[in-house]
Structures are given as structure tokens and as C-alpha cells.
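**Student:** Sequence:
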Amino acid sequence: MLERVKEYLPKELRAELEKSSLYGGAEELRLRSGRPMMLYAGGMEEMIPVCASKEQIGEIVAALCGHSIHAYMEELRQGFFTLEGGIRVGVAGKVVASGEEIRLIRGFTSVCLRLPREMKGIGKGLLPYLAGRGQLRSVLIASPPGQGKTTLLRELVRQASDGDGYEPQKCVVIDEREDLSGGGNFDLGMRSDVLASCPKTVGLMMALRALSPEILATDEIGGKGELDALCEAANSGVKILATAHCRDMAELKARKFFRQFLEARLVERVVFLSGRLGRGTVEAVCDQEGRRISPGPFLL
1 MLERVKEYLP KELRAELEKS SLYGGAEELR LRSGRPMMLY AGGMEEMIPV
51 CASKEQIGEI VAALCGHSIH AYMEELRQGF FTLEGGIRVG VAGKVVASGE
101 EIRLIRGFTS VCLRLPREMK GIGKGLLPYL AGRGQLRSVL IASPPGQGKT
151 TLLRELVRQA SDGDGYEPQK CVVIDEREDL SGGGNFDLGM RSDVLASCPK
201 TVGLMMALRA LSPEILATDE IGGKGELDAL CEAANSGVKI LATAHCRDMA
251 ELKARKFFRQ FLEARLVERV VFLSGRLGRG TVEAVCDQEG RRISPGPFLL
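Letter 284 of the sequence shown, counting from 1, is numbered 284 in our numbering, and no numbers are missing.
Hints in this document: simulated from the structure, not taken from any laboratory. There may be inaccurate statements among the hints.
Computed list of lysine-lysine pairs in DSS-like fashion (alpha-carbon distance at most 30 angstroms, straight line) [said to hold, decoys possible]:
id	residue 1	residue 2
1	Lys94	Lys124
2	Lys6	Lys19
3	Lys253	Lys94
4	Lys124	Lys253
5	Lys124	Lys54
6	Lys224	Lys170
7	Lys170	Lys124
Pair ranges (Cβ atoms, derived) [said to hold, decoys possible]:
id	residue 1	residue 2	range
8	Gly290	Glu12	13 to 23 angstroms
9	Gly99	Ala250	30 to 40 angstroms
10	Gly79	Glu232	47 to 57 angstroms
11	Gly237	Glu263	29 to 39 angstroms
12	Glu18	Glu263	42 to 52 angstroms
13	Met205	Ser53	15 to 25 angstroms
14	Met206	Ser21	44 to 54 angstroms
Think of the CB as a built atom: it goes at the ideal place given N, C-alpha and C, for glycine as much as any other residue.
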């Protein structure tokens with residue numbers, strides 16, 4: 001994935017980046033104005049001794065936007081945009097707001113490139129905890145950022161769709177940011193349909209009405225209106241696969257959205273990931289009552 005974005009970097013930054021021992025397995029690249037570049041892979045961090053200027057950060061963001069920042073302005077108001085292949089570009093800089101509404105971000109000072117990966121087979125170790133009568137159960141995957149939630153979700157969708165370890169089922173993926181499908185670059189299985197760049201609340205209802213899913217999958221739930229849509233789906237007999245930014249069950253229950261989500265019994269299993277043993281550590285698998293049902297921790 002780094003090969004796809006390195007050409008957007010100034011020559012001197014690119015030359016130093018290519019020397020990195022983490023280059024081949026890079027998961028995240030961070031550039032900050034006047035600070036060394038940082039590369040992350042497999043839970044390791046490498047400081048690359050070359051700095052981008054504020055002007056270069058602005059030029060990099062413009063190049064990533066195809067020199068048409070205006071076309072990406074709606075996404076930039078959320079602090080990020082997504083490139084082909086599911087590469088997420090996060091930015092920091094001067095925020096221009098009107099009340100609680102962000103109008104735009106300009107004067108960029110940082111850019112974070114998150115590089116998704118396809119890792120087939122990583123869900124096999126969870127099979128004893130996630131299978132029910134041969135089928136994949138409804139699952140919420142929770143962890144702090146950068147611990148492999150989306151990668152695992154992508155693989156569970158593929159497994160269910162292809163019947164790899166589970167009875168095959170029809171899956172619909174609501175891929176609001178195109179992280180899961182990577183714009184069609186990732187394998188989501190032969191029985192999966194994708195609603196790309198579609199808001200979750202709209203996509204969940206579209207899928208129910210038109211695509212007869214057995215499983216609905218979406219990334220990073222927790223937004224306004226999403227709980228009602230997820231309840232509607234579950235009450236229609238559809239299983240839910242989703243992710244959330246959360247460290248453990250206590251933290252999950254402390255947030256109103258997820259407390260109501262659990263009380264509504266929308267999932268049968270909650271998988272908590274961490275980086276304790278490396279990226280993709282399973283801290284615990286819990287049932288819908290919050291009881292731990294797995295030994296742990298273990299690596300996927």
C-alpha cells in the first residue's frame with residue numbers, strides 16, 4: 001500500500017522512507033510539519049530523520065486530493081478522506097467552524113496515512129467462539145484505534161460470504177468510507193454486495209428493502225440514528241457485524257449508544273482487540289451479557 005502513496009511525497013522524503021526497515025509492512029505513515037516522519041508496522045514505530053515543512057504538507061494533501069481540494073471538502077470537514085484502495089488520509093491544521101459545525105480545514109500541519117491490509121485466515125482462531133449452529137453469529141469488534149478491527153471485520157465478512165468455516169450467507173456491506181472494500185480491491189467473498197460511500201443509516205435500510213441480506217456489516221458504529229437502523233435490521237432477522245472504538249466492556253457500557261446497543265441484544269458476541277501481544281491481540285471474547293467466554297489474551 002505504501003507504494004501507492006509514496007509518489008505523492010517530495011523526492012527527499014521518499015528517498016529516506018524507502019530506507020526504513022518497516023517499509024514493506026507499513027500500516028501507518030505520519031508526517032508533521034517540522035517533525036521527523038513516523039512509520040508504524042506490527043506494533044513498532046520508526047522515526048525517519050527527515051522533516052516535511054508546512055508548505056510540503058499542504059502540497060502533499062493537495063496532491064492526494066488530485067489538486068482539487070474542493071472536491072474533497074465534504075470529507076475533509078470530518079478530518080479525513082479516503083483514497084482508492086481504502087487508504088485513509090487524516091489531516092490536522094486550522095479548523096474553521098461556525099458554532100459546532102466545521103466549515104473547512106486549511107493550513108494543513110499534519111497528515112496521517114493509514115494503509116489497510118487484507119489478511120485472509122486471521123479469523124480462524126475465533127471460530128469456536130463465533131460459530132452458532134454452523135453460522136457466524138452477530139458480532140461487535142471493539143478496540144482502540146489501530147489494532148485491526150477493520151481488518152478482522154473484512155475477513156469475517158469474507159468467511160461468512162464464502163462459507164469458509166461457516167455456513168455461507170448473503171452479506172451486505174455498508175462501506176461508508178470504503179475502508180472495508182478498498183474500492184473493490186479487497187475480497188469480501190462471493191455472496192457479498194457493497195454499498196460504497198453510503199451513510200450507514202441510509203444504507204442499512206436500503207439493504208433491508210432491496211438486497212435481502214442475511215448479514216449486514218459496517219464499520220465504526222455509534223453515530224446519530226444508527227441505533228434505530230441497526231435495531232430495525234436485527235428485528236428483521238438479519239445478523240449484525242460491526243466495529244467500535246472501545247477498550248473493554250466497562251468502557252463500552254459507559255457510553256450511552258453502546259449500553260443501549262447491548263441492552264437491545266443486537267449482537268451475540270463482543271470481541272475485544274488490543275496490542276498487548278502485537279497488533280491483533282484478542283483480549284477477550286464476551287457473550288451478550290458481558291461474560292468472558294475465551295481464554296486470553298491470544299494472537300489472531
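**Student:** Evaluate each hint against the coordinates.
**Tutor:** Hints and how they fare:
Between the alpha carbons of lysine 94 and lysine 124 the distance comes to roughly 44 angstroms, so the proposed pair goes past 30 angstroms and is violated. Restraint check: the Cα-Cα separation between lysine 6 and lysine 19 comes to about 13 angstroms, which is no more than 30 angstroms; the hinted pair holds. Between lysine 253 and lysine 94 the alpha-carbon distance is near 34 angstroms, which puts this suggested pair outside the 30 angstroms criterion. The straight-line distance between the Cα atoms of lysine 124 and lysine 253 is roughly 28 angstroms, inside the 30 angstroms bound, and the hint therefore holds.
For a cut-off of 30 angstroms, the pair hint linking lysine 124 to lysine 54 is broken: about 45 angstroms separates their Cα positions. For the proposed pair lysine 224 and lysine 170, the alpha carbon gap of about 27 angstroms is at most 30 angstroms, so the pair holds. As the CA atoms of lysine 170 and lysine 124 are separated by approximately 19 angstroms, the hinted pair is consistent with the 30 angstroms bound. Evaluation of the 13 to 23 angstroms hint for glycine 290 and glutamate 12 yields a failure: the beta carbon distance comes to about 52 angstroms.
For the hinted restraint 30 to 40 angstroms between glycine 99 and alanine 250, the CB-CB distance of approximately 33 angstroms keeps it satisfied. The beta-carbon spacing between glycine 79 and glutamate 232, approximately 29 angstroms, falls outside the hinted interval of 47 to 57 angstroms. Checked against the hint of 29 to 39 angstroms, the C-beta distance between glycine 237 and glutamate 263 comes to roughly 19 angstroms, which is inconsistent with it. Evaluation of the 42 to 52 angstroms hint for glutamate 18 and glutamate 263 yields a pass: the beta carbon distance comes to about 51 angstroms.
Between methionine 205 and serine 53 the beta carbons are some 47 angstroms apart, a value that contradicts the proposed interval 15 to 25 angstroms. Remark: the range hint 44 to 54 angstroms for methionine 206 to serine 21 is upheld by a beta-carbon distance near 45 angstroms.
Checked against the numbered hints above, the structure violates hints 1, 3, 5, 8, 10, 11 and 13; every other hint is satisfied.
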